[in-house]
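**Student:** Residue numbers (the numbering used here), protein chains in the order written: chain Y, 1 to 252; chain E, 1 to 323.
By construction, these hints were calculated from the structure, which means they are not laboratory data.
Backbone N, C-alpha and C fix where the C-beta goes; we use that ideal spot for every residue, glycine too.
Hints may be right or wrong, so weigh each one.
With a cut-off of at most 30 Å between alpha-carbon atoms, the simulated DSBU-like pairs for lysine-lysine come out as follows [as the list claims (entries may be wrong)]:
1) Y/Lys7 <-> E/Lys262
2) Y/Lys7 <-> E/Lys236
3) Y/Lys249 <-> E/Lys265
4) E/Lys214 <-> Y/Lys7
5) Y/Lys249 <-> E/Lys214
6) E/Lys236 <-> E/Lys262
7) E/Lys130 <-> Y/Lys15
8) E/Lys130 <-> Y/Lys249
Simulated coverage check for chain Y against chain E, where a stretch passes if three residues somewhere in it have a Cβ under 8 Å from a Cβ of chain E [what the hints assert, rightly or not]:
9) 3-9
10) 86-97
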Amino acid sequence: MFLTLLKREVFRYVKNPSVTIGTPILSQILYIIVFGLVLGPRIGSVANHSYISFMLPGLVMMALITNSFMNPGWSLYMARHFDWIDPILSSPMSSTQIVSAYILAGVLRGLLVAAVLIIVALILPTVVAVTHLPFVLIYLLVVAFLGSSLGTIVGLWADKFDHIVLAQTFALFPLVFLGGVFYSLEMIEDIYILSTLVKFNPVTHMINGLRYGMIGVAELYIPFGLTGLVVLASILFLVCVWLFRRGYKLRI
Amino acid sequence: MKNDVPVQLFDISKRFGDTLAVDSADFSIQKGEFFGLLGPNGAGKTTLIKMLIGLANPTEGTAEIFGYDINEDYQDVHSYIGFAPAEANLDREFSIFDNLRFHAGYNGVSPREQSERAEQQLKKFDLWEKRDNKPYELSTGMRKKLLFARSMIIEPKIVILDEPTAGLDLETKEAVQNNIKKITEEGVTILFTTHQIDEAERLCDRVAIMNEGKVIEIGPPEELLKSGQGDLVRIKLTEYIDSLPNELTGDGYRADFVREEKEIKATVADGAEAAADIMKILHGAGIATKAVQVEKASLEDLFLQLTSEDSSEDSQINSSGGS
Ligand SMILES: Nc1ncnc2c1ncn2[C@@H]1O[C@H](COP(=O)(O)OP(=O)(O)OP(=O)(O)O)[C@@H](O)[C@H]1O
Ligand SMILES: [Mg+2]
Numbered sequence: 001m002f003l004t005l006l007k008r009e010v011f012r013y014v015k016n017p018s019v020t021i022g023t024p025i026l027s028q029i030l031y032i033i034v035f036g037l038v039l040g041p042r043i044g045s046v047a048n049h050s051y052i053s054f055m056l057p058g059l060v061m062m063a064l065i066t067n068s069f070m071n072p073g074w075s076l077y078m079a080r081h082f083d084w085i086d087p088i089l090s091s092p093m094s095s096t097q098i099v100s101a102y103i104l105a106g107v108l109r110g111l112l113v114a115a116v117l118i119i120v121a122l123i124l125p126t127v128v129a130v131t132h133l134p135f136v137l138i139y140l141l142v143v144a145f146l147g148s149s150l151g152t153i154v155g156l157w158a159d160k161f162d163h164i165v166l167a168q169t170f171a172l173f174p175l176v177f178l179g180g181v182f183y184s185l186e187m188i189e190d191i192y193i194l195s196t197l198v199k200f201n202p203v204t205h206m207i208n209g210l211r212y213g214m215i216g217v218a219e220l221y222i223p224f225g226l227t228g229l230v231v232l233a234s235i236l237f238l239v240c241v242w243l244f245r246r247g248y249k250l251r252i
Numbered sequence: 001m002k003n004d005v006p007v008q009l010f011d012i013s014k015r016f017g018d019t020l021a022v023d024s025a026d027f028s029i030q031k032g033e034f035f036g037l038l039g040p041n042g043a044g045k046t047t048l049i050k051m052l053i054g055l056a057n058p059t060e061g062t063a064e065i066f067g068y069d070i071n072e073d074y075q076d077v078h079s080y081i082g083f084a085p086a087e088a089n090l091d092r093e094f095s096i097f098d099n100l101r102f103h104a105g106y107n108g109v110s111p112r113e114q115s116e117r118a119e120q121q122l123k124k125f126d127l128w129e130k131r132d133n134k135p136y137e138l139s140t141g142m143r144k145k146l147l148f149a150r151s152m153i154i155e156p157k158i159v160i161l162d163e164p165t166a167g168l169d170l171e172t173k174e175a176v177q178n179n180i181k182k183i184t185e186e187g188v189t190i191l192f193t194t195h196q197i198d199e200a201e202r203l204c205d206r207v208a209i210m211n212e213g214k215v216i217e218i219g220p221p222e223e224l225l226k227s228g229q230g231d232l233v234r235i236k237l238t239e240y241i242d243s244l245p246n247e248l249t250g251d252g253y254r255a256d257f258v259r260e261e262k263e264i265k266a267t268v269a270d271g272a273e274a275a276a277d278i279m280k281i282l283h284g285a286g287i288a289t290k291a292v293q294v295e296k297a298s299l300e301d302l303f304l305q306l307t308s309e310d311s312s313e314d315s316q317i318n319s320s321g322g323s
């Protein structure tokens, strides 16, 4: 039951690899080329690392969170729009099983993209990609889970596809972009408002943690950030289950 | 199973804003019964069905499937029901073969058997050649067959079919009807809706007639006809008229008026007596008649009488006219 739905949700992107996996990897590689290889040398080293090594965890996070977000977001929206969610809702699966399948498929897609990016990074010269492996794994997993749960909520809420794009452009993208993908906190110290807001942005903590795992540098306190992210992910998951159980935008 | 009653409704209602789509439906369907739900467009048939299978939340009341509450024990409830909707809700991202396979999987059929059953169903409904096509690449009738096949693939104890034969050619319709009949012989309970009253009359053990959310009649087709109005009176007129005389539209009489064919129809208990009475009223109003015919009423005639717009509890025709 759960496994079939998970399989279906994974197949939907695996059979379209150029769109679902290729596109995000290409865009991140373009970032690596332009920011890392072209502009990077002019920026110099950040926190004793080459700019590209510093930036890479941010790029991985960006790809991870958007991809784990997109899968359940689009998939659920389409399933609702064309009503093919109905036979799933009428099956003997529990709400928790259905939600878990959607979320897990998104998690796997995010991890797949992130893994490819990290492998690419390992090939690049002068790039440090893995320093503390357990941290890399934990952060990837927690963030994928968080992004996928968020995507599930948006996929339920969206009444037209503009809404998903809206959520992505006005919420996800600013959070990710201002979450310290391209700069260190030290660089924005003087911009008081930004540097304060950035510390409340969960994405900053995600990137901070992954950066610690990848290059061994952390600008924020890891235990605090990690606890916060795990709590946030758990809350989002529970919200998803609750919305499904209630039939929010699923049942008339 | 907690008990032996496939479907038991408890004053179940569904409201959409000002519309009471289902108004305190309260009846049960017995094991192995072939049950028809009839009613004009918007009567509430689909809404009633959707509440049973977890696609609509009842506003009030509830229902049980083999004793399991549709809300509390939804997982048990869903494990007994196979459902084919009136409109295709097939998975457009996958082939029709995958559609069936996945559907079996969602319902707990083992991976090996999923493909076997999908193949078996597709072959049974002449869709095997189309197995790699997406649902939107099928014709409307083929999709209808596929929906039916999908509902059967989980070998359900209760099959709920929303207009399963609408839009099918004669041969396919017969194949689907035969299939439905065959599974009732295996003790499966059927709840189906249709707009083809003759189909319901022929196939169903019992029917419920719904109108504006209310179940207005329920029983075996023969008994409904016996207890209600048994004869159909047809009166042909010599020329067009603009409206019926008041005596035929007011309290007591309820006659239908088919304008193009210059014909008046009424379903009544005693055809001969009513025919004479109606003729008298028509002649009294100066309307000339050409022919009078009294025949046995079908369920369709009764249905039209019960559900036509201006009908209400107390304006149903009775043989004595007036009062
Ligand atoms: N999602 C909805 N939102 C608001 N009103 C609805 C919704 N679904 C159905 N209704 C209303 O409920 C009433 C019953 O509709 P329903 O679809 O149950 O009728 P039906 O008997 O199946 O008709 P048909 O024979 O045309 O299929 C109608 O007035 C309809 O407009
Ligand atoms: Mg309907």
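**Student:** Next step is simple, just say for each hint if it's right about the structure.
**Tutor:** How the hints compare with the structure:
no. : hint                  : verdict
1   : Y/Lys7 <-> E/Lys262   : 63 Å, violated
2   : Y/Lys7 <-> E/Lys236   : 65 Å, violated
3   : Y/Lys249 <-> E/Lys265 : 46 Å, violated
4   : E/Lys214 <-> Y/Lys7   : 43 Å, violated
5   : Y/Lys249 <-> E/Lys214 : 26 Å, holds
6   : E/Lys236 <-> E/Lys262 : 6 Å, holds
7   : E/Lys130 <-> Y/Lys15  : 20 Å, holds
8   : E/Lys130 <-> Y/Lys249 : 33 Å, violated
9   : 3-9                   : holds (count 5)
10  : 86-97                 : holds (count 9)
Violation of the numbered hints given earlier is confined to hints 1, 2, 3, 4, 8; the remaining hints are satisfied by the structure.
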